[in-house]
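A.B. asks: Chains as they are written, first to last, in the numbering used here: chain A, 1 to 291; chain B, 1 to 305; chain C, 1 to 509.
These are computed hints drawn from the structure, not numbers from a lab. All values derive from a computational prediction rather than experimental measurement. Every residue gets a Cβ at the ideal spot worked out from N, C-alpha and C, and that includes glycine. Treat each hint with caution, since some may be false.
[As the list claims (entries may be wrong)] So the derived list for chain C, only partly shown, Cβ under 10 Å to chain B, looks like this:
{"no.": "1", "residue": "T32"}
{"no.": "2", "residue": "T43"}
{"no.": "3", "residue": "W70"}
{"no.": "4", "residue": "T74"}
{"no.": "5", "residue": "K75"}
{"no.": "6", "residue": "P78"}
{"no.": "7", "residue": "P126"}
{"no.": "8", "residue": "Y153"}
{"no.": "9", "residue": "Q184"}
{"no.": "10", "residue": "Y202"}
{"no.": "11", "residue": "P230"}
{"no.": "12", "residue": "P394"}
{"no.": "13", "residue": "E406"}
{"no.": "14", "residue": "G413"}
{"no.": "15", "residue": "G414"}
{"no.": "16", "residue": "R432"}
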Amino acid sequence: MKTLFPSKTKDTTLIRMLRRPKGFIGLTLVLSLALASLLAPFIAPHDPLKQNLRWRNSPPGSGPTPDGKYFLLGTDQLGRDMLTRILYGVRVSIVVALAAVFISGIVGSVLGIVSGFLGGIVDTVIMRLVDIQLSLPLFLIAMVWIAFTSPSLANIVAVIAIWTWTQYARVARASTLSIRNMDFVEAARATGASALWILFKHIRPNVIAPVIVIASLQFGRAIILEATLSFLGVGLQPPTPALGVMVANGRQYIDTAWWQATMPGVVIMLLALGANFLGDTLRDVWDPRLH
Amino acid sequence: MLAYIAKRILQALFVLFVLTAFVFSLLHLSGDPTALLLPADATPEQIQQMREWLGLDQPIVVQYIRYLARLVHGDLGCSYRMNLPVLVIIREFLPNTLLLGVFAILFATLLSLPLGVIAAVKRDSPVDFAATLIATLGQSMPTFWLAILLILAFGVKLRLLPVSGIGGWKHFILPIISLGWYSTALLTRVLRSSMLEVLNADYVMVARSKGLHEASVILKHALRNASLPVITVWGLQLGAVLMGSVATETVFAWPGIGRLTVEAVLGRDYPVVLGAVLVFGTLFVLLNTSVDLVYCLLDPRISYT
Amino acid sequence: MIYRRIVREIWVVVLLATLFGLWVFGQGSGITITVVRATDLWTADPHNDTQVTSQSLFHNVFDPLVRVDWNNPTKPLPALAISWEYVSDTTVVFHLRQGVKWHDGRDFTSEDVKFTFDRVLDKDNPTKISVWIAPIVKRVDIIDRYTIKLETYRPYAPLFGRLEVLKIIPKQTFLEMGPEAFGQKPVGTGAYVFDEWKKGEYIRLVANESWWGWTHREKRPDVVIRKSIPEEFTRYAMLETGEADIVGMIPPERIPTIEASGRLRIATTPSTRGFFVGMNTWKPPFDDVRVRQAMNYAIDKQLIVDTILLGQATVHPGVCSLSDAGYCPVCMMYEYNPDKARQLLAEAGYPNGFEVTLWSPRGKYIKDLETAEAIAGQLEEIGVKVNVYAPAWPEYWDNFLAGNMEMYFLSYGGSFPDCDDRIGGHLDGARRGIYYNSPYSDALIKLEQETLDPEKRALIWGALGQYFVQQAPWIFLWDLNLIYGLSDKIKAWEPVPVEHIYYWQIEVR
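Excised from the complex, chain A in its bound form (with noise of 0.2 Å):
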């Protein structure tokens, strides 16, 4: 089957990735920091939840307590290790921007194809709907949303996921409508396909390029918006370690003890950085003229 891109396995994007620098940077930055999240439970030093209060504040290499144990980052307001915290942090953050990234992407995708594929009033009706989208101010009706009903997990990831799908419908419905009209896919109907079996085998792979980059590069978006939210009061509730939490909470002992912020502001920057390089490199290595 012919397909819009030369049929490649996994193993060839990834070594074409591994040669760009900005792919190998990206590809580390992600992976080691997902890697070190998953090993939290067993390489952190402390509990991410226990509080001393008497080692409140203190500053990286502080140590040692009665049980021998340092705090190679530093403790935050409530004497928890900030080390602990920010592994632990990390994989919230990672989660909860996985989680909407995803959701966002599959639902903005299928509609996308959906649009693109059977044209007409579906489509017309899809794209206002993005429109409509376009033409609200996401963050007000955020902080409404969150402020009045509650700030628990899900309606954060929720709230995230809503932000951006309709970049995944755009570009879906973009690709799905190029592929549509070629020749192989007429033909493929002349013989009596069937519309889903059309979708699957060959809109489906060139749809998945185009929206993994733009995943990827939501993916940063996504962790920043946790801390945002954190930031005007409506986040994610203690006392769950998550990086933006973090940042948020941290910000007022900046010049006291900045390395409560500044720490996990960092981890932020450099996942968003490395999500970055990831998607910039998969868009240049998949093809360099998409869009």
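Model the placement of chains B and C on the given structure of chain A, informed by the hints.
C.D. replies: For chains B and C alone, coordinates are given in the frame of chain A:
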């Protein structure tokens, strides 16, 4: 063409209507502001009395119809906290946000143009890498965090710039940087990738082979064609900047609509929130419609569907 | 010859004139200070903005009948009323200050006082502060141009404290301007004239030279610029950049930084802002008094004060603030005893503890969320699993009023030092006792309100205070100090134990 514009305007009105209905229901279904306006030790009877006086005990449909009726006459209602017409309040705060937003976009545009072009022209060089790194960093930082860092550096440590409110030109500097930083980063990257695409195109090769000066090739031919996708993004950024103003205005205590709305949401001052949503919504619709129109005008290949 | 003489004369005159001009300028240029608070004014109508920072502003633009004398809290300070006497348990005659002028030049008379009370007591058009006055004051009548008679529904001991909250407005001017315009450019009798209000930016107040209450007028600021800055770090930064002279709501960890800076310094004072953890006494597990007492034994209050609040708070027993009338110095304090806590829990049938949700405000009070988390952490040590929930304020307050909370961290603060004010919204069945009330304490509360004799009242409060301690409807915590940052423009200033800043008390020369 006219039919297209008319259609878009109608769509816009529909959008705004749906928007107000949605936000209105959300606001009213989740609680009422009376208890927040009264002292903390008000008894339930006192709260109920004030609630009736404010008309908040009516069924939500009645309240919505009343709101719409007033809206049609251009009356956005009265703020519960400030006891002033919402329109008056918005008139005081909106210009400050628009001012800040315009300057921020200008800053972003002026900075991203050279950065994006140079990064594309000298692709994969250290310059490109540095520019991309800076740009991506700009997109990897929450705005409030950047704002606080700026205050710490330029206000507290260096004592160079004022850190709060609106005043002379010096008061604009830090908020503009904070607000425009993300857009700068985004525009730089988009311009870079757009330029890269164009620089490899045939007509550029033709221009070069004609012996034209390199700078002229870049600026006159490449840039002009590269700017098309950038303009769409640029238009979207206007909206993003308006939204980003929430964090910047709160940290710098800028007297703008972002800060006003946050305080209204946290104080359940519904008329103000609805008014702000309407204003923002209208602005966005206008913006998006204009950007689309400009795009259509610039690129004759696109038809009006 | 003559020519030279004339020229010399002219030079002398010019020199003298310049010196004189410089002298006049040196004298006339007033001192302007900038006061920064955390919350903005809603409206300048003093009866329709209940925020404590707004009430603080109103004290400077308006005057009430009496004020609180923080050096001697049981004796009210004369303000617009210079003397008063009880003619019966429920009637007080006030003699008003004569010769006071409104900012627009009109005379202040008893007409204004009656108008003010009538407005606030109007059942058909309630103002937002009617809540504080209407349940107590029945009516106010004019006796003559400078005398009024005030009648309460029943004998009410904290009357004068309450009256401090009501700022007197000018009848004629208010009627002419209408409430909306008055709320933008008010006219009062106070020490400072409300000159200009640029929304969201600043409020400009100018000293009222003909105010009746100046002491050392020459030392006081001539112009005050009031700003509201929501972000704490920005408030502090403004001190460093010189954009602010007095900044409120400074958190304790800023104290070393500010004091280390040569130009700046800190002013602190104990205050009536107290904190506690309330429990829902109608439902298990907190319906058992042993469990509630166990909670009190489980918290190491001094540790939290020392570590999170850096010593800027005072632990106290019972429900009252330290400066309150009704404070019970001999009431028992629950010492930190986790073993006793566990024992009590076991006795009550919870040997393995239980799970509970602790609601907390977020960013509304200094260190509120941190303190709640610390408390949760300490409760975990005795086997109580605590889930902290800190939504935005509207959601918190809605659920508080609806009685949905099991456990909640909250603050009370009042503008006058009377313990009745602390418990009114929390423990009094007659007013609002959502999570606790009892017939016994209700009866005692009614009694203390109606006992005008301070000594008898103190006895009643002793019994009431002790009862509350034993019943433990709250985890009793502490009073927080108010912390302000000052620039070197402020030569001397003593803050008062409430979040009011009286500009006429600030010394700048």
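A.B. asks: Next step is simple, just say for each hint if it's right about the structure.
C.D. replies: Cross-check of the supplied hints:
1. Annotation: interface hint on T32/C violated; nearest CB of chain B at approximately 14 Å, more than 10 Å.
2. With a least beta-carbon distance of about 5 Å to chain B, the hint placing T43/C at the interface is held under the 10 Å criterion.
3. Checking W70/C against chain B by beta carbon gives a least distance of about 21 Å; that is not within 10 Å, so the hint is violated.
4. Of the supplied interface hints, the one on T74/C is violated, with its beta-carbon coming no nearer than about 22 Å to a beta-carbon of chain B, more than 10 Å.
5. Below 10 Å, beta-carbon pairs count as interface contacts, and K75/C has none with chain B, the closest being about 25 Å; its hint is therefore violated.
6. The beta carbon of P78/C comes no nearer than 25 Å to any beta carbon in chain B, farther than 10 Å, and the hint placing it at the interface is violated.
7. Proximity of P126/C to chain B holds as hinted, the smallest CB-CB distance being about 6 Å (cut-off 10 Å).
8. With its C-beta approaching chain B no nearer than about 15 Å, Y153/C sits outside the 10 Å limit, and its interface hint is violated.
9. Given hint, Q184/C at the interface with chain B, holds; its Cβ is 8 Å from that chain's nearest Cβ, closer than 10 Å.
10. Checking Y202/C against chain B by beta carbon gives a least distance of about 7 Å; that is within 10 Å, so the hint holds.
11. With a least beta-carbon distance of about 6 Å to chain B, the hint placing P230/C at the interface is held under the 10 Å criterion.
12. Given the 10 Å rule on beta carbons, the hint for P394/C holds: about 5 Å separates it from the nearest Cβ of chain B.
13. Hint on E406/C is violated. Least Cβ distance to chain B is approximately 20 Å, over the 10 Å limit.
14. Using the Cβ-Cβ criterion of 10 Å, the hint placing G413/C at the interface with chain B is satisfied: the shortest such distance is roughly 9 Å.
15. Hint status for G414/C relative to chain B: holds, with the closest Cβ pair at about 9 Å, below 10 Å.
16. For R432/C, the suggested interface contact is upheld, since its CB lies about 5 Å from the closest CB of chain B, less than 10 Å.
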